[in-house]
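Asks: Listed below, chain by chain, are the residues.
Protein chains: 6
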Amino acid sequence: MPEDLRTRIGVIAEKSGFVPNVFRALAWRPAELRAFLDYHDALMEKSDGLSKAERELIVVATSGANNCTYCVVAHGAILRLRMKDTEIADRVATNPWRAELSPRERAIVDLALVLATDPAYFGDDELDKARAAGLTDDEIWDIGAITAFFAMSNRLAHMSALQPNPEFFLLGRLPRQ
Amino acid sequence: MPEDLRTRIGVIAEKSGFVPNVFRALAWRPAELRAFLDYHDALMEKSDGLSKAERELIVVATSGANNCTYCVVAHGAILRLRMKDTEIADRVATNPWRAELSPRERAIVDLALVLATDPAYFGDDELDKARAAGLTDDEIWDIGAITAFFAMSNRLAHMSALQPNPEFFLLGRLPRQ
Amino acid sequence: MPEDLRTRIGVIAEKSGFVPNVFRALAWRPAELRAFLDYHDALMEKSDGLSKAERELIVVATSGANNCTYCVVAHGAILRLRMKDTEIADRVATNPWRAELSPRERAIVDLALVLATDPAYFGDDELDKARAAGLTDDEIWDIGAITAFFAMSNRLAHMSALQPNPEFFLLGRLPRQ
Amino acid sequence: MPEDLRTRIGVIAEKSGFVPNVFRALAWRPAELRAFLDYHDALMEKSDGLSKAERELIVVATSGANNCTYCVVAHGAILRLRMKDTEIADRVATNPWRAELSPRERAIVDLALVLATDPAYFGDDELDKARAAGLTDDEIWDIGAITAFFAMSNRLAHMSALQPNPEFFLLGRLPRQ
Amino acid sequence: MPEDLRTRIGVIAEKSGFVPNVFRALAWRPAELRAFLDYHDALMEKSDGLSKAERELIVVATSGANNCTYCVVAHGAILRLRMKDTEIADRVATNPWRAELSPRERAIVDLALVLATDPAYFGDDELDKARAAGLTDDEIWDIGAITAFFAMSNRLAHMSALQPNPEFFLLGRLPRQ
Amino acid sequence: MPEDLRTRIGVIAEKSGFVPNVFRALAWRPAELRAFLDYHDALMEKSDGLSKAERELIVVATSGANNCTYCVVAHGAILRLRMKDTEIADRVATNPWRAELSPRERAIVDLALVLATDPAYFGDDELDKARAAGLTDDEIWDIGAITAFFAMSNRLAHMSALQPNPEFFLLGRLPRQ
Numbered sequence: 001m002p003e004d005l006r007t008r009i010g011v012i013a014e015k016s017g018f019v020p021n022v023f024r025a026l027a028w029r030p031a032e033l034r035a036f037l038d039y040h041d042a043l044m045e046k047s048d049g050l051s052k053a054e055r056e057l058i059v060v061a062t063s064g065a066n067n068c069t070y071c072v073v074a075h076g077a078i079l080r081l082r083m084k085d086t087e088i089a090d091r092v093a094t095n096p097w098r099a100e101l102s103p104r105e106r107a108i109v110d111l112a113l114v115l116a117t118d119p120a121y122f123g124d125d126e127l128d129k130a131r132a133a134g135l136t137d138d139e140i141w142d143i144g145a146i147t148a149f150f151a152m153s154n155r156l157a158h159m160s161a162l163q164p165n166p167e168f169f170l171l172g173r174l175p176r177q
Numbered sequence: 001m002p003e004d005l006r007t008r009i010g011v012i013a014e015k016s017g018f019v020p021n022v023f024r025a026l027a028w029r030p031a032e033l034r035a036f037l038d039y040h041d042a043l044m045e046k047s048d049g050l051s052k053a054e055r056e057l058i059v060v061a062t063s064g065a066n067n068c069t070y071c072v073v074a075h076g077a078i079l080r081l082r083m084k085d086t087e088i089a090d091r092v093a094t095n096p097w098r099a100e101l102s103p104r105e106r107a108i109v110d111l112a113l114v115l116a117t118d119p120a121y122f123g124d125d126e127l128d129k130a131r132a133a134g135l136t137d138d139e140i141w142d143i144g145a146i147t148a149f150f151a152m153s154n155r156l157a158h159m160s161a162l163q164p165n166p167e168f169f170l171l172g173r174l175p176r177q
Numbered sequence: 001m002p003e004d005l006r007t008r009i010g011v012i013a014e015k016s017g018f019v020p021n022v023f024r025a026l027a028w029r030p031a032e033l034r035a036f037l038d039y040h041d042a043l044m045e046k047s048d049g050l051s052k053a054e055r056e057l058i059v060v061a062t063s064g065a066n067n068c069t070y071c072v073v074a075h076g077a078i079l080r081l082r083m084k085d086t087e088i089a090d091r092v093a094t095n096p097w098r099a100e101l102s103p104r105e106r107a108i109v110d111l112a113l114v115l116a117t118d119p120a121y122f123g124d125d126e127l128d129k130a131r132a133a134g135l136t137d138d139e140i141w142d143i144g145a146i147t148a149f150f151a152m153s154n155r156l157a158h159m160s161a162l163q164p165n166p167e168f169f170l171l172g173r174l175p176r177q
Numbered sequence: 001m002p003e004d005l006r007t008r009i010g011v012i013a014e015k016s017g018f019v020p021n022v023f024r025a026l027a028w029r030p031a032e033l034r035a036f037l038d039y040h041d042a043l044m045e046k047s048d049g050l051s052k053a054e055r056e057l058i059v060v061a062t063s064g065a066n067n068c069t070y071c072v073v074a075h076g077a078i079l080r081l082r083m084k085d086t087e088i089a090d091r092v093a094t095n096p097w098r099a100e101l102s103p104r105e106r107a108i109v110d111l112a113l114v115l116a117t118d119p120a121y122f123g124d125d126e127l128d129k130a131r132a133a134g135l136t137d138d139e140i141w142d143i144g145a146i147t148a149f150f151a152m153s154n155r156l157a158h159m160s161a162l163q164p165n166p167e168f169f170l171l172g173r174l175p176r177q
Numbered sequence: 001m002p003e004d005l006r007t008r009i010g011v012i013a014e015k016s017g018f019v020p021n022v023f024r025a026l027a028w029r030p031a032e033l034r035a036f037l038d039y040h041d042a043l044m045e046k047s048d049g050l051s052k053a054e055r056e057l058i059v060v061a062t063s064g065a066n067n068c069t070y071c072v073v074a075h076g077a078i079l080r081l082r083m084k085d086t087e088i089a090d091r092v093a094t095n096p097w098r099a100e101l102s103p104r105e106r107a108i109v110d111l112a113l114v115l116a117t118d119p120a121y122f123g124d125d126e127l128d129k130a131r132a133a134g135l136t137d138d139e140i141w142d143i144g145a146i147t148a149f150f151a152m153s154n155r156l157a158h159m160s161a162l163q164p165n166p167e168f169f170l171l172g173r174l175p176r177q
Numbered sequence: 001m002p003e004d005l006r007t008r009i010g011v012i013a014e015k016s017g018f019v020p021n022v023f024r025a026l027a028w029r030p031a032e033l034r035a036f037l038d039y040h041d042a043l044m045e046k047s048d049g050l051s052k053a054e055r056e057l058i059v060v061a062t063s064g065a066n067n068c069t070y071c072v073v074a075h076g077a078i079l080r081l082r083m084k085d086t087e088i089a090d091r092v093a094t095n096p097w098r099a100e101l102s103p104r105e106r107a108i109v110d111l112a113l114v115l116a117t118d119p120a121y122f123g124d125d126e127l128d129k130a131r132a133a134g135l136t137d138d139e140i141w142d143i144g145a146i147t148a149f150f151a152m153s154n155r156l157a158h159m160s161a162l163q164p165n166p167e168f169f170l171l172g173r174l175p176r177q
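Protein chains in written order, with the working numbering: chain A, 1 to 177; chain B, 1 to 177; chain C, 1 to 177; chain D, 1 to 177; chain E, 1 to 177; chain F, 1 to 177.
The set of hints was computed from the structure by calculation and includes no laboratory data. A quick note: this is a predicted structure, and the numbers were derived from the prediction, not measured. Check each hint, because a few of them may be wrong.
No distinction is drawn between identical chains; accordingly, a pair holds when it is met within one copy or between any pair of copies.
Here are the simulated EDC-like cross-link-like pairs (lysine to aspartate or glutamate), alpha carbons at most 20 Å apart as the crow flies [said to hold, decoys possible]: (1) K84 to D4; (2) K52 to E32; (3) K84 to D118; (4) K84 to E167; (5) K46 to E3; (6) K52 to D128; (7) K129 to D118; (8) K46 to D128; (9) K15 to D124; (10) K129 to D38; (11) K52 to E87; (12) K52 to D4.
With the hints as constraints, model all of the structure from the sequences given.
Replies: This is the structure we're talking about:
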C-alpha cells in the first residue's frame with residue numbers, strides 16, 4: 001500500500017482499534033481507495049449544517065433500504081456512538097420508512113430514501129418538503145451527496161461480499177462505552 | 001387478563017426476565033392472544049425436523065424482508081442465543097437473500113423468502129429446489145407455516161407500531177451469555 | 001382427527017353442505033388447525049364494530065391483492081351471500097384498489113391493502129385517513145388483524161396449492177339463494 | 001352510430017342477448033370502435049393455430065395480471081363457455097402465474113404474462129421456452145399480438161371505469177348452459 | 001401486400017423517404033396491419049384538442065417508461081420535428097416522470113404514465129388532477145386512448161425485437177431540417 | 001474555483017470544446033469535485049482489461065436503467081464516439097436489458113444491471129455467469145466499480161436536476177465526426 005494510504009488507514013485503525021474491512025477490500029486499487037477516502041471525508045467529516053450523527057443516520061437509513069450488511073453494521077455502530085442511543089441503528093436499518101424520529105430527522109431520512117431507492121422520481125416535491133421542514137439548501141445538498149456516495153459504497157460492498165469486522169457488531173451497544 | 005393467559009405470560013416472563021411487548025399489545029384481545037400463543041407454540045416449540053435455531057432463522061429472514069422491527073430485534077436475540085452466534089441475526093435480517101449460510105440453511109431461507117414476499121409465484125420450482133436440498137415434506141410444511149405465521153405477526157407489529165423491549169437489543173451479543 | 005376438531009368441522013360441514021378444503025389441508029396438524037380455527041373465529045365471528053360482510057370484504061380484497069385462488073373463491077362466495085350482491089366479489093378481487101364501494105368500505109379496504117402489500121410503509125397517515133373516514137380504533141384493529149390473519153391464510157393456501165371446493169364457485173351467484 | 005357499426009354491434013347483441021358495455025363506451029368514437037372491432041376480430045375470430053379457447057385463456061390471464069375487471073368478467077364468461085369449464089376463469093384470473101394448466105396452456109400463458117407485465121425483459125429466452133413447448137412461430141405471434149391488444153383494451157377499460165354487464169357474471173357457470 | 005395497404009404505406013414512404021420498419025413487421029398479417037393503421041390514424045392524425053406534438057409527447061413518454069426502443073427512436077424523431085426542439089425526445093424518453101415540461105404538458109404526461117405503468121391504480125384522483133390542469137374530457141380520452149394504443153404498439157415491437165430504421169436516429173436533431 | 005480544479009476542467013473543456021455541466025454543478029464544493037474527478041479518472045481513464053468503449057457502455061446501460069438524463073445524454077455521446085456507432089447509445093439507454101450486443105458486451109451489461117438495480121440480490125450466480133463469459137476478476141471489479149460510481153453520479157444528477165449541455169445531444173451522431 002502506498003505510504004499516504006498506509007498513514008491514513010493507520011490513523012483510523014488507531015482511533016477504532018482495528019482496520020475496517022472496507023479499506024482492506026479497496027487497498028489493491030490505491031487510486032480508488034484514495035478517492036474514496038477523500039470523498040468520504042469531504043462528506044462525513046464536516047459538522048456545520050448537518051451534525052455528524054445526522055450524517056450517519058442517512059448512511060444507516062439508505063444502507064438499510066439497500067440491504068447492505070457491511071454499511072448497516074459498521075455505520076450502525078458509529079451511529080450508536082454518535083447518537084448515544086443503543087437502539088437507533090437497529091430501528092432505522094430495519095424500517096427506515098417508519099422508524100420513530102424527530103421531525104427534522106424524519107425529513108432528512110425521507111429525502112434520502114427517495115433519492116436512494118427511486119431516483120427517477122426525485123423532484124421538486126421532495127425539495128419542497130425538505131425546505132418546509134427547515135432544511136437549508138446546503139443541508140439538502142449534503143443529504144443528497146451522502147445518499148449518493150453510499151449508493152456507491154453499498155454497491156462496492158455488495159460486489160465484494162464485504163463482511164463487517166466482528167468489532168462493529170457490539171460497538172455502542174453497552175450503555176456506557 | 002384471564003387467568004390462563006396470565007399464567008402463560010408469567011412463565012415466559014420468568015424465563016426471559018421480562019414480558020415481551022407483543023403480549024402486552026395483544027392482551028386486550030384475550031381470544032386473539034390465546035390463539036396467537038397456541039399457533040406460535042405449535043410451530044416454534046417443536047424440534048423434530050427443523051431445529052429450533054432453524055425455526056428462528058426463518059423468522060428473522062422473513063421479518064427482515066418485511067422490515068418488521070419488533071420481530072427482527074426480538075427474534076434476532078433468540079436466534080443469536082440458539083445459534084450461539086453473535087453476528088447471524090444482523091447478517092440475515094439485513095440481507096436475507098445473500099447472507100452466507102450453510103446449504104441447508106440457504107435452502108430453508110430461500111423457500112421462506114419466496115413465500116413471504118412473492119406468494120403468487122410460489123410453486124413446484126420452489127418445492128423441487130427444497131427437496132433437492134434434502135428437506136423433507138414435513139420440514140417444508142414447517143418452513144411454509146412459520147413463514148405464513150410471521151407474515152401475520154409482522155403485520156400485527158406494523159399495525160400497532162410495536163416497539164421491541166430494550167432487553168432484546170443486547171441479548172445474545174456478548175460472547176458468553 | 002381429534003374429536004374436538006371433528007365436531008367443529010362437522011358443524012361447518014353441516015352449515016355449508018360440504019367440508020371446505022382448507023380444513024382437510026390443515027387436518028394432519030391438529031394443533032395448527034385448532035389454533036387456526038380459534039383465531040379465525042375470534043376475528044370473523046364477531047359482528048360488533050365491523051359487520052360480518054365488511055370482514056369478508058377485507059378478506060376478498062387482500063386475497064385478491066395476494067393472488068390467492070382458494071381465499072378469493074371461497075370467501076368470495078361468503079361475501080356474495082353476506083352482501084346479497086352477486087357481483088361484489090369479482091369486482092373487489094380483480095381490482096381491490098379501484099372497485100366502486102361506499103366511502104366507509106373504501107376506507108376499510110384501503111387500510112387493509114397497505115398493510116397487506118406494503119407493511120413497511122404502514123403508519124400514521126393510514127391511521128389518520130381511517131379515523132377521518134369514521135372508523136373507530138376497535139374497528140381499525142379488526143381490519144388490521146383480519147388482514148394479518150389472511151396474510152397467513154393466503155400463504156398457507158399458496159404453499160399447499162390449495163384448490164377451492166367446486167361448490168364455492170357458484171355459491172351466491174344466483175339472484176335468490 | 002354509423003350504419004356499419006350499428007349492424008356489427010347488432011350481430012353481437014343478437015348472439016349474446018345483450019350489448020357488451022365496451023361497445024357502448026367506444027361508440028362515441030366511431031373510427032376508434034371500427035378499428036378496435038377489426039383488430040379484435042383479426043386476432044380472436046381465427047381458429048387455426050391457437051384454438052379460440054386458448055385465445056380467451058390469454059385474455060383472461062393477462063387481464064387478471066392487469067387487474068382489469070371488465071375484461072376478466074366478460075372474457076372469463078367466454079372462456080368458461082369455450083372451455084366448458086366452470087372454474088377455469090376464476091382460477092386463471094386470480095393467479096395466472098400458478099393456475100394448474102396443461103403444459104401447452106402453461107407455455108402460452110407464461111409467454112403472454114412476460115409480455116404483458118415485463119415487456120422490457122421479453123427476449124430470446126421466452127421465445128426459446130415457447131418453441132420448446134411446441135408452439136409454432138405463427139402461434140407465438142398470435143399469443144404476443146393478443147397480449148398486446150388486451151394491454152390496450154385493459155387500459156381503455158381502466159380509463160373509462162368500464163363496468164361489466166350483469167349478464168357476464170353468471171354466464172358459463174352452470175354445468176349445462 | 002394487398003393493394004390498399006401498398007398504397008397507404010407508399011404514401012408514408014414518400015413523405016418520410018423510407019418505409020418505417022413497423023410496417024414491414026406487420027405486413028405479413030394484412031388484417032392486423034390495416035386495423036393498426038386505422039386505429040393509429042384515428043388517434044394520431046387529429047389536431048383538435050391535443051396538438052399533434054402533444055400526441056407524440058404521450059407516445060415518447062409512455063414508450064420511454066416501457067423501454068421500447070423502436071417507439072422511442074421513431075416517435076422521438078417525429079416529436080423533435082413537431083416540437084421543433086432537438087432535445088425534447090431524449091429528455092422525455094429518459095426520464096418521463098421528471099423531464100421539465102410546461103404545466104399542461106406535465107399534466108398530459110402524468111396522466112399517461114399512470115395508465116401506462118399502473119393501470120390498476122388509475123382512478124378519479126388522476127382524472128381530477130387532469131381536469132384541474134385544464135384538460136377537457138375529450139382531451140383526457142385522447143391521452144388515455146393514445147397511451148393504450150402504444151401499450152399495444154410497444155409490446156408488438158418488443159415481441160418482434162423491432163429495430164428502428166437508421167434514418168430515425170438523426171431526424172430532427174439538426175437545428176434546421 | 002481552486003487553481004488545480006480550474007486547470008483540470010480547462011483541459012477537459014479544451015478537448016470537448018465546452019465545460020460539461022456536471023463540473024459546474026459540483027464546482028461550489030471543491031473537495032467533492034476533486035474526489036469525484038479522481039475517482040472518475042481512476043475508473044474511466046484506463047484501457048487495460050475493459051476497453052474505454054466498454055466502460056462507457058456500462059455507464060449508458062446503468063444510467064438508462066436509472067433514468068438519468070444527464071448521464072445518458074453526455075455519456076451516450078462519448079459512447080457513440082468511442083464505438084464509432086451512431087445508434088448504440090439510444091438502443092442501450094432505452095432498453096439495456098435486451099439491446100442487441102456481442103456476448104462479451106451482454107455479459108458486461110447484465111452484471112452491471114443487477115448491481116445497479118437489485119444490489120441485494122448480487123451474488124455468486126452473477127459472478128459465475130460473468131466468469132463463464134470470459135471476464136477476468138479484474139474486469140469484473142471494474143464493471144462493479146463503474147456501476148457503483150455511476151449509482152452515485154446518477155443520484156448527484158437527479159438531486160441537482162442537472163441538464164446536459166446542448167452539445168452532447170448531437171455529438172457522434174453524424175457518420176463521420
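Asks: It remains to establish, for every hint, whether it holds in the given structure.
Replies: Checked hints:
no. : hint         : verdict
1   : K84 to D4    : neither (32 Å within a copy, 40 Å between copies)
2   : K52 to E32   : between (24 Å within a copy, 17 Å between copies)
3   : K84 to D118  : neither (31 Å within a copy, 31 Å between copies)
4   : K84 to E167  : both (17 Å within a copy, 17 Å between copies)
5   : K46 to E3    : neither (25 Å within a copy, 23 Å between copies)
6   : K52 to D128  : neither (24 Å within a copy, 34 Å between copies)
7   : K129 to D118 : within (16 Å within a copy, 22 Å between copies)
8   : K46 to D128  : neither (24 Å within a copy, 38 Å between copies)
9   : K15 to D124  : neither (41 Å within a copy, 34 Å between copies)
10  : K129 to D38  : neither (31 Å within a copy, 34 Å between copies)
11  : K52 to E87   : within (18 Å within a copy, 26 Å between copies)
12  : K52 to D4    : neither (25 Å within a copy, 29 Å between copies)
Hints 1, 3, 5, 6, 8, 9, 10 and 12 from the earlier list are contradicted by this structure; the remaining hints agree with it.
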